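Student: From first to last, the protein sequence lines stand for chains Z and D. Sequential numbering from 1 applies to the first sequence in the working numbering. Sequential numbering from 1001 applies to the second sequence in the working numbering.
Simulated from the structure, these hints should not be mistaken for laboratory data. Among the hints, a few may not be true.
[Stated by the list, open to error] Ranges of calculated distance between the beta carbons of each label pair, as one might list FRET restraints: (1) D:His1075 - Z:Lys93: 47 to 55 Å; (2) Z:His53 - D:Tyr1041: 53 to 61 Å; (3) Z:Gln56 - D:Met1270: 25 to 33 Å; (4) D:Ala1044 - Z:Ser130: 36 to 44 Å; (5) D:Thr1152 - Z:Ser130: 23 to 31 Å; (6) D:Leu1129 - Z:Val98: 49 to 57 Å; (7) Z:Ser29 - D:Tyr1041: 27 to 35 Å; (8) D:Gly1059 - Z:Val98: 43 to 51 Å; (9) D:Leu1287 - Z:Glu87: 35 to 43 Å; (10) Z:Val102 - D:Ser1025: 27 to 35 Å; (11) D:Met1270 - Z:Gln163: 20 to 28 Å; (12) Z:Gln56 - D:Val1036: 36 to 44 Å; (13) Z:Val102 - D:Gly1300: 53 to 61 Å; (14) D:Lys1022 - Z:Val102: 29 to 37 Å.
[Unchecked claim] Below, a list of computed lysine-lysine pairs in the DSS-like style, where the Cα atoms sit at most 25 Å apart: (15) Z:Lys172 - D:Lys1072; (16) D:Lys1185 - D:Lys1302; (17) D:Lys1208 - D:Lys1117; (18) D:Lys1022 - D:Lys1055; (19) D:Lys1022 - Z:Lys93; (20) Z:Lys113 - Z:Lys168; (21) D:Lys1072 - Z:Lys170; (22) Z:Lys204 - Z:Lys167; (23) Z:Lys137 - Z:Lys172; (24) Z:Lys170 - Z:Lys204; (25) Z:Lys204 - Z:Lys113; (26) D:Lys1046 - Z:Lys93; (27) Z:Lys210 - Z:Lys170; (28) Z:Lys167 - D:Lys1072; (29) D:Lys1022 - D:Lys1011; (30) Z:Lys93 - Z:Lys172; (31) D:Lys1302 - Z:Lys93; (32) Z:Lys118 - Z:Lys204; (33) Z:Lys118 - Z:Lys93; (34) D:Lys1010 - D:Lys1022; (35) D:Lys1072 - Z:Lys168.
This structure is a prediction, so every number in the text was calculated from the model and none was measured. Beta carbons are placed, not taken as given, at the ideal position from N, Cα and C, and that holds for glycine.
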Amino acid sequence: MRKRGVIGFLVACSLMLLAGCQSKQNGQSVTAVGSSALQPLIEALAEEYSAQHSGQFINVQGGGSGTGLSQIQEGAVQMGNSDLFAEEKAGIKADQLVDHKVAVVGITPVVNKQLGVKNLTLTQLAQIFSGEITNWKQVGGPNQAVVIINRAQGSGTRTTFEQWVMKKRKTKPAQEQDSTGMVRSIVANTPGAISYLAFSYVDKTVATLKLDGIAPTDATWLRMLGQFGRMNMFIQRANQLV
Amino acid sequence: MDPIKASLLKKSRAAKSETRGKLLSLFCISLIVFIVLAIFYFVASKGLATFFHDKVNLGRFLTQSSWNPSLKDSHGRPEVGALPMILGSFGVTFLAALLATPFAIGAGIFMTEISPKRGEKILQPVMELLVGIPSVVYGFIGLSVIVPAVRTVFGGSGFGILAGTCVLFVMILPTVTSMTVDALKSVPRYYREASLALGATRWQTTWKVVLRAATPGILTGVVFGMARAFGEALAVQMVIGNAALLPHNLITPASTLTSVLTMGIGNTVMGSLANNALWSLALLLLLMSLMFNLLVRLIGRKGAISR
């Protein structure tokens, strides 16, 4: 009898697994993966959508733009979020994806609050990230070593940052984190830390920097639109569910 | 045909259920073997593509120190030098094992020789509790307690091999301790009795007889702990800083094979060089854990207590 019980349990388990497979395929749930800079917006939209359409659920995950692009290309998710254009990422077949430009967002350099540095020139910023400036006193700050926090390679924010700030300079190998939120909390807690964040993640725990005397606000940034970040959302052709 | 002959010729119910049971267990074991082989094949085919398909030199892969798979150096060769990660992985692993072993041996001796009762009542549950804590919790504690502590004591940003070592030390301690306890418990009683009969004190017995006899078992525990430390990803990734730099000291940001893997694998596209290079790292990890396993077997075979 006991053996029967065990076999019955195994069968029940495998049935549950099969049931799990099935419920995944009926299209009531959509998964959106990618850019963590875009994540707050998509999360808010998803919540609203789910509230209006009962039973339909949008699952929003971060992971970085590279993740969004590679996952949508493989068809593993229904929506890929990216703040890069598909053509800019090596190995992505851009013609197989449908690009929906949904938002633009600015990127701003941020530093630890205790630092007290308020303004940098674009060149100084590039020199910090290329490792030519290693102490804050070289740019008029306190005698404090610079701690660079980078995003992971393949991150859209990092690619955009390197494209517009670093230009031809090479980024010095430094700490890397794989999400915007993690970068923010580390900059907030590490003396002398500098990194860059999408506007949507800036809060009171970190201090933003003026660049060439221009403060990173929505108003100033909108005037310079086209120079900094942009966001795209990709939906694979085969997977157009929304 | 008379019923007795029929029952002798036909398979009995017991024999039938025996065959069924054998088939079931055969199916399970072959499924496991198949999965293991499939994983090996998959990781190897992806990992070796870096060298055969993308023509990266294996020697350069193991000895160069700049990791930038999406860029090419001045000779047009992709920058895939895994040395910083390899050193980082071995660094945190050996340091954590070095730190954990004395504690594990001390706890083991306390639990078997000095105070078995209290050991069983207090230390055993504590160790079991430590095993059950998910690694992300260790990482989070490391990030919010150990990293700032390292920063205030030693300076720097706090992220680095030292912080990783501290987190891994706590993570592998229960593994090493419980295997040390098993090893000490399996030392035959008459070893102790003989030693005491010769006039040795308890300390002399413990130090010269029990520990010596249990050395292979303790070493096995240490290697198991190292294998766990080597493969741990999340907790280490949170505290080590993830900079693909050669570690100059213990408090500058470094990286391990696993931390680079977890950071990068989602960000790369299947089939690209950056992705293949990550699979090569995974292959390296797999080979290392294989080596740890072989080491355990070797120690076990060499040092088995002969009775």
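Student: All the hints need checking, so say for each whether the structure fits it.
Tutor: Results for each hint:
1. The beta-carbon spacing between His1075 of chain D and Lys93 of chain Z, approximately 29 Å, falls outside the hinted interval of 47 to 55 Å.
2. His53 of chain Z and Tyr1041 of chain D have their C-beta atoms about 44 Å apart, which leaves the hinted 53 to 61 Å range violated.
3. Gln56 of chain Z and Met1270 of chain D have their C-beta atoms about 30 Å apart, which keeps the hinted 25 to 33 Å range intact.
4. Take Ala1044 of chain D and Ser130 of chain Z: their Cβ atoms lie about 38 Å apart, and the range 36 to 44 Å holds.
5. A hinted range of 23 to 31 Å for the beta carbons of Thr1152 of chain D and Ser130 of chain Z is consistent with their spacing of about 29 Å.
6. Judged by the Cβ atoms, the range 49 to 57 Å given for Leu1129 of chain D and Val98 of chain Z holds: they are separated by roughly 51 Å.
7. A hinted range of 27 to 35 Å for the beta carbons of Ser29 of chain Z and Tyr1041 of chain D is consistent with their spacing of about 33 Å.
8. Separation of Gly1059 of chain D from Val98 of chain Z is about 44 Å and conforms to the stated range, judged on CB atoms against 43 to 51 Å.
9. Between Leu1287 of chain D and Glu87 of chain Z the beta carbons are some 37 Å apart, a value that agrees with the proposed interval 35 to 43 Å.
10. One distance hint, 27 to 35 Å for the beta-carbon pair Val102 of chain Z and Ser1025 of chain D, is violated here, with the actual separation near 54 Å.
11. Taking the beta carbon of each, Met1270 of chain D and Gln163 of chain Z are about 25 Å apart, inside 20 to 28 Å as hinted.
12. Separated by about 40 Å at the C-beta atoms, Gln56 of chain Z and Val1036 of chain D satisfy the suggested range of 36 to 44 Å.
13. For the pair Val102 of chain Z and Gly1300 of chain D, the supplied restraint of 53 to 61 Å holds, since their beta-carbon distance comes to about 59 Å.
14. Hint check: Lys1022 of chain D to Val102 of chain Z, Cβ distance near 59 Å, so the stated range 29 to 37 Å is violated.
15. Only pairs whose Cα atoms come within 25 Å are accepted, and Lys172 of chain Z paired with Lys1072 of chain D is accepted, the gap being roughly 15 Å.
16. For the given pair, Lys1185 of chain D sits about 19 Å from Lys1302 of chain D by alpha-carbon distance, which is consistent with the 25 Å threshold.
17. Of the pairs offered as hints, the one joining Lys1208 of chain D and Lys1117 of chain D holds, with about 23 Å between alpha carbons and a cut-off of 25 Å not exceeded.
18. About 48 Å separates the Cα atoms of Lys1022 of chain D and Lys1055 of chain D, which puts this hinted pair outside 25 Å; it is violated.
19. Taking the CA atoms of Lys1022 of chain D and Lys93 of chain Z, the gap is about 50 Å. The hint is violated against a cut of 25 Å.
20. Of the supplied pair hints, the one linking Lys113 of chain Z and Lys168 of chain Z is violated, its CA atoms being roughly 30 Å apart against a limit of 25 Å.
21. Restraint check for Lys1072 of chain D and Lys170 of chain Z: the C-alpha separation of about 12 Å stays at or below 25 Å, so the hint holds.
22. Distance hint between Lys204 of chain Z and Lys167 of chain Z is unfulfilled; the C-alpha atoms sit about 30 Å from each other, more than 25 Å.
23. The hinted pair formed by Lys137 of chain Z and Lys172 of chain Z meets the criterion: a straight-line CA distance of about 19 Å does not exceed 25 Å.
24. Distance check on the hinted pair: Lys170 of chain Z and Lys204 of chain Z sit about 31 Å apart at the alpha-carbon level, beyond 25 Å; violated.
25. Proposed proximity of Lys204 of chain Z and Lys113 of chain Z is supported: the alpha carbons are some 9 Å apart, at most 25 Å.
26. The straight-line distance between the Cα atoms of Lys1046 of chain D and Lys93 of chain Z is roughly 20 Å, inside the 25 Å bound, and the hint therefore holds.
27. Straight-line distance between C-alpha atoms of Lys210 of chain Z and Lys170 of chain Z comes to about 23 Å, which keeps the hinted pair within the 25 Å bound.
28. Distance hint between Lys167 of chain Z and Lys1072 of chain D is fulfilled; the C-alpha atoms sit about 16 Å from each other, no more than 25 Å.
29. Between Lys1022 of chain D and Lys1011 of chain D the CA atoms are separated by roughly 15 Å; this keeps the pair inside 25 Å, and the hint holds.
30. The suggested pairing of Lys93 of chain Z with Lys172 of chain Z is violated, with an alpha-carbon distance near 30 Å, which exceeds 25 Å.
31. With a CA separation close to 56 Å, the supplied pair Lys1302 of chain D and Lys93 of chain Z exceeds the 25 Å bound.
32. Of the pairs offered as hints, the one joining Lys118 of chain Z and Lys204 of chain Z holds, with about 15 Å between alpha carbons and a cut-off of 25 Å not exceeded.
33. Proposed proximity of Lys118 of chain Z and Lys93 of chain Z is contradicted: the alpha carbons are some 42 Å apart, above 25 Å.
34. For the hint linking Lys1010 of chain D to Lys1022 of chain D, the alpha-carbon distance of about 19 Å falls within 25 Å, and the restraint holds.
35. A hinted pair counts as satisfied when its Cα atoms are at most 25 Å apart, and Lys1072 of chain D with Lys168 of chain Z qualifies at roughly 14 Å.
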